[in-house]
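Peer 1: Just need the whole structure built from these sequences, with the hints factored in.
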Amino acid sequence: MTDAAIAAPTAARRERLPLPLGTIGARTILVGLMIVTLMPFVTMFSAALAPSGTYPPGLQWPTDPQWQNFIDAFNAAHMDRLLLSSTIIALGVVPISVLIGTMAGFGVAKLAPRGSKLVYLLFVLGLTLPFEGIITPLYYEVRAMGLLNTKLAIILPLIGLFMPFSVYWMRAHFVNVPDEMSEAAQIDGASAWQQFWLVQVPIARPAILSLAILQFLWTWNQFLLPIVLVEIPLERTMAGALGAFQGQWGTNIPLLCAGSLIIIAPTVILFLLFQRQFVAALLQGAVKG
Amino acid sequence: MNVPNTAKLTLLAAALMSATAGAAYAAPSCGTGPVVLNSYFETGFPLPTELSKEFTKQFPNVTFNIKEDQFATLMENSPRVLAGDNAPDLIRLPSISDLVKDGLLKNLDQDATDLGWDKYPPAQLAQNRVADGGSPRGEGSLYAMGLNYSMTGIFYNKALAAKIGMTKPPETVAELEDLMAKAKAAGIPPIIIWNKPVVGLTFPLQNLMGSYGDPGAVNDWIFQRKGADIDTPTNLTATQHLEQWIKAGYFQDDINSVDYATANGRFHDGDGLFLFNGDWESGNLDKVMAGNVGFFLMPPAIAGGKHAAMSAPLTYGIGANAKNADCAAFFLNWVGTNAEARKIDVAIGGSNPGGPVDLAMPAVTAGSVTEETLAAGTTIAKDNGAMDFIANATGAIYAEAWTPELQKMVGGRQDAAGLLKSVQAEYVKELSR
Amino acid sequence: MTIAEPHSLPSASRPLLSQRGRGVVVAWAFIVPALAFYAAFVLVPIGMSVYYSLLRWDGIGKAQFKGLSNYLVVLSESDFLQILGNAFQLAIYFTLIPILIGLGVASAIRNHLSGAFGTTARTILFIPQVIPLVAAGIAWTWMFASNGVVNQALNLIGLGGITRGWLGDFDFALPAVGIIGAWVLLGLCTMLLVTGIARIDPSLYEAAKLDGASAWSEFRWITLPGLRQEIGVCVTVTVIAALASFDIVYIATGGGPGIQTTVPGLEIYRLAFAHRQVGLASALAVVLMVLVIVCVLPIQWLTRQPK
Chain L
1 MTDAAIAAPT AARRERLPLP LGTIGARTIL VGLMIVTLMP FVTMFSAALA PSGTYPPGLQ
61 WPTDPQWQNF IDAFNAAHMD RLLLSSTIIA LGVVPISVLI GTMAGFGVAK LAPRGSKLVY
121 LLFVLGLTLP FEGIITPLYY EVRAMGLLNT KLAIILPLIG LFMPFSVYWM RAHFVNVPDE
181 MSEAAQIDGA SAWQQFWLVQ VPIARPAILS LAILQFLWTW NQFLLPIVLV EIPLERTMAG
241 ALGAFQGQWG TNIPLLCAGS LIIIAPTVIL FLLFQRQFVA ALLQGAVKG
Chain D
1 MNVPNTAKLT LLAAALMSAT AGAAYAAPSC GTGPVVLNSY FETGFPLPTE LSKEFTKQFP
61 NVTFNIKEDQ FATLMENSPR VLAGDNAPDL IRLPSISDLV KDGLLKNLDQ DATDLGWDKY
121 PPAQLAQNRV ADGGSPRGEG SLYAMGLNYS MTGIFYNKAL AAKIGMTKPP ETVAELEDLM
181 AKAKAAGIPP IIIWNKPVVG LTFPLQNLMG SYGDPGAVND WIFQRKGADI DTPTNLTATQ
241 HLEQWIKAGY FQDDINSVDY ATANGRFHDG DGLFLFNGDW ESGNLDKVMA GNVGFFLMPP
301 AIAGGKHAAM SAPLTYGIGA NAKNADCAAF FLNWVGTNAE ARKIDVAIGG SNPGGPVDLA
361 MPAVTAGSVT EETLAAGTTI AKDNGAMDFI ANATGAIYAE AWTPELQKMV GGRQDAAGLL
421 KSVQAEYVKE LSR
Chain U
1 MTIAEPHSLP SASRPLLSQR GRGVVVAWAF IVPALAFYAA FVLVPIGMSV YYSLLRWDGI
61 GKAQFKGLSN YLVVLSESDF LQILGNAFQL AIYFTLIPIL IGLGVASAIR NHLSGAFGTT
121 ARTILFIPQV IPLVAAGIAW TWMFASNGVV NQALNLIGLG GITRGWLGDF DFALPAVGII
181 GAWVLLGLCT MLLVTGIARI DPSLYEAAKL DGASAWSEFR WITLPGLRQE IGVCVTVTVI
241 AALASFDIVY IATGGGPGIQ TTVPGLEIYR LAFAHRQVGL ASALAVVLMV LVIVCVLPIQ
301 WLTRQPK
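Residue numbers (the numbering used here), protein chains in the order written: chain L, 1 to 289; chain D, 1 to 433; chain U, 1 to 307.
I should point out that these hints are in silico values taken from the structure, not numbers from a laboratory.
It is possible that some hints are incorrect.
[Said to hold, decoys possible] Here are some of the chain U residues that sit facing chain L, going by a computed Cβ distance under 10 Å: (1) Ala27; (2) Ile31; (3) Ser76; (4) Thr120; (5) Gly161; (6) Pro298; (7) Trp301.
Note that beta-carbon positions come from the ideal geometry of N, C-alpha and C, so glycine has one too.
Peer 2: And the structure:
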């Protein structure tokens with residue numbers, strides 16, 4: 001750090017903006033962070049190529065890479081059925097959650113009937129709720145509904161648990177939409193429902209997209225609900241299934257590593273394809289959440 | 001339909017009669033229609049899965065839907081899974097007292113009568129009997145069966161043993177400790193063990209308890225007999241020996257982060273002299289360390305004394321709400337009586353297959369470690385030294401007491417006296433609920 | 001929407017709403033679906049948690065009313081206090097490491113995270129945010145194993161003497177779990193702070209340079225105050241992540257060695273489902289929910305002052 005700090009003034013003269021550290025120094029730090037970030041994946045990858053059932057050292061290119069491990073892990077994890085199950089659960093959660101969250105956000109921000117402030121406060125209180133706090137009653141509730149071990153056991157509670165953030169997020173968007181827009185629409189005699197769909201939803205698209213991305217990730221990666229509410233790993237989300245995979249194959253390091261990499265691959269690929277949208281959603285999500 | 005009404009009625013009556021007769025008199029079976037046995041097994045042990053494959057081969061209408069978890073998770077999950085809507089037909093049970101108390105396990109008394117389990121040696125079934133209300137164990141109704149009957153002792157690496165001049169198994173604890181000291185001095189890790197997520201130190205500890213005290217007293221504690229206490233003078237001596245072993249560096253210092261599979265992998269790789277483990281590993285050891293592995297029972301404290309060992313059934317039960325309970329009972333019976341199943345039991349499981357007294361023991365390879373462990377079983381029977389597992393005393397004692405306290409002892413944060421006191425306190429607390 | 005056609009509403013009976021009655025009903029129609037899901041799967045369970053916390057119940061048989069005795073146990077028994085303390089200690093690692101590193105990076109690269117390098121850096125640093133925490137737990141268990149990368153690296157730089165099984169070591173298990181959480185949160189915090197610092201008026205730095213301010217005073221008097229809100233966000237996110245940590249601990253250590261890394265979330269899960277002490281589990285759950293709010297509110301309040 002000190003070397004870089006001393007070098008700073010020289011660099012500053014060359015740059016348009018003053019820099020406390022040289023660009024090279026800063027980039028070095030970032031490269032270091034990137035290595036730390038990637039290292040766990042790299043070591044899993046190298047272990048995944050070791051002969052099944054052995055205990056390879058943390059990082060070592062195997063002399064005889066066992067690519068077969070990935071195929072074995074794919075089959076052992078029933079990856080095809082897992083993808084289907086996770087997708088169904090995500091499709092069950094995200095559209096409904098986003099729709100009713102957007103409606104409520106609009107209702108609280110723009111229609112604001114009397115008493116809605118209090119309701120909004122109730123939602124906000126749920127923002128920090130740790131899922132562990134209510135997992136016990138949720139289990140008995142879902143069991144009483146006869147939904148244990150079904151996908152609905154994950155879908156329905158998740159929609160409820162996502163509501164505080166959805167409402168908070170969409171309200172934050174709608175309060176920033178100038179009132180003139182809706183007033184203009186009202187003069188046209190549009191009902192609230194039409195106004196919502198024809199005027200508000202189109203301009204809320206970016207906010208809605210970000211919300212959908214976040215909720216997709218949260219659903220896909222949800223762990224506690226699936227392990228408590230659904231015994232059958234193939235009816236779970238990816239994270240819950242990964243927990244089960246670790247339970248079954250955790251004693252076989254190469255297979256475990258191969259399986260873990262395969263199970264996290266879909267989200268990572270999606271993220272790489274849509275990284276701009278994902279990063280924007282995650283950053284804003286943190287700020288507003 | 002031109003069948004006369006009376007004929008229809010007769011048919012119906014006949015059908016009803018045969019149906020009720022079947023329910024009342026026929027022994028449990030898997031029928032002829034398709035059955036899927038909902039099964040919950042333990043990760044890392046291929047025996048039940050191998051048995052299920054053979055079973056499906058013999059009874060093609062029966063298939064198995066198998067879920068596996070490691071022992072610690074299995075312990076954690078079993079009450080919830082058994083209470084859930086999808087209670088397993090077959091489940092590996094760590095400890096049965098609490099589950100019986102909560103009414104989560106099927107009472108197998110009727111099956112025992114129907115299937116002739118009364119021909120089994122009574123001692124085989126005793127550990128799976130529980131009195132009304134959940135305690136004591138060891139008597140009362142039958143709630144589980146063993147796939148086989150295993151026993152713990154000490155495996156040793158023959159090549160490393162030769163290096164330190166060990167020519168025959170030790171005959172006293174002092175001799176054993178002497179061998180460990182020699183190994184340590186020669187730079188060979190004396191003992192391989194795992195200590196997470198649940199501890200393996202319970203094996204050497206219980207072995208020591210059996211060497212210094214009365215195995216019967218340990219069983220009383222495990223079976224929740226009134227007034228039983230783990231904190232006895234002989235158990236203290238045993239625990240102090242274990243503490244000395246830790247302090248002397250006889251265990252590798254990272255054992256708190258080593259799990260069962262890793263520890264066994266280390267032993268396979270020749271990383272240490274002794275492995276405290278059970279005969280369920282014999283089959284595998286004969287494969288991966290053929291000819292280089294031996295077995296002996298924990299020696300007594302004084303030469304010529306009696307041997308004692310942890311010896312417990314590989315316990316499998318049937319959920320009280322299981323959908324295919326009859327077929328599961330039939331499977332448990334098949335495991336103990338079918339020749340092919342018994343062969344698999346010994347070859348893969350490495351342990352005594354149990355079953356009716358008149359059935360012969362499947363043949364084993366001469367000179368194999370499996371042969372040694374089976375012979376050791378005879379010694380234990382002769383010395384009346386069988387103990388159940390101290391971790392099976394209650395549903396939570398393993399996770400809430402033995403594991404944290406023995407991990408603390410490895411970390412130098414608990415001593416022998418404190419350990420026994422903590423375990424007893426947790427035991428009393430759990431029994432008072 | 002059936003309510004969109006509320007002509008049958010007896011408007012006379014609601015004089016106050018006579019003009020806006022239709023509007024009010026429609027407005028609530030927008031809010032009620034969300035509220036219904038929220039009530040059914042969050043509010044009702046919270047109420048049930050509070051109710052259960054007053055019972056002694058094994059989840060199967062009859063429950064006994066026990067008053068506040070479960071809370072007494074949770075707030076006085078040394079094991080429970082250690083478990084709560086573990087959560088706070090984790091919060092320190094989860095919070096300090098990412099924020100300090102993030103601040104360092106942000107001040108170093110201020111405004112210069114553009115181009116291909118910037119995109120690559122941002123993408124890579126965000127990957128831990130999109131994978132399940134379970135995967136992070138599995139990966140790092142392997143990193144911290146006796147023959148894992150961490151010990152390999154230490155051996156390489158001549159620190160072979162301090163290698164160990166990190167997650168099984170009484171002194172280092174909790175910090176090691178803290179590092180896993182920090183790894184997950186690092187990218188998010190760094191990017192938040194980098195984005196935040198870009199919004200600070202560059203003329204402030206120009207002026208400081210002209211005044212001959214040191215790098216430290218620049219950081220202390222311009223960067224830090226300018227990032228107040230972003231730091232607040234980071235602290236909030238990381239503290240919640242630490243107090244509500246379950247996935248990582250469940251996978252990486254199972255709470256051991258001893259109860260050195262047991263956190264409230266894990267204990268709730270075990271008490272409720274493995275040890276069948278629903279009352280005690282619920283009391284701990286209520287304490288946890290209250291703790292999170294009590295910790296987050298002051299952070300929000302401190303960092304949300306108007307600019």
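Peer 1: List, from low to high, the hint numbers that the structure doesn't satisfy.
Peer 2: Structure breaks hints 3, 5, 6, 7.
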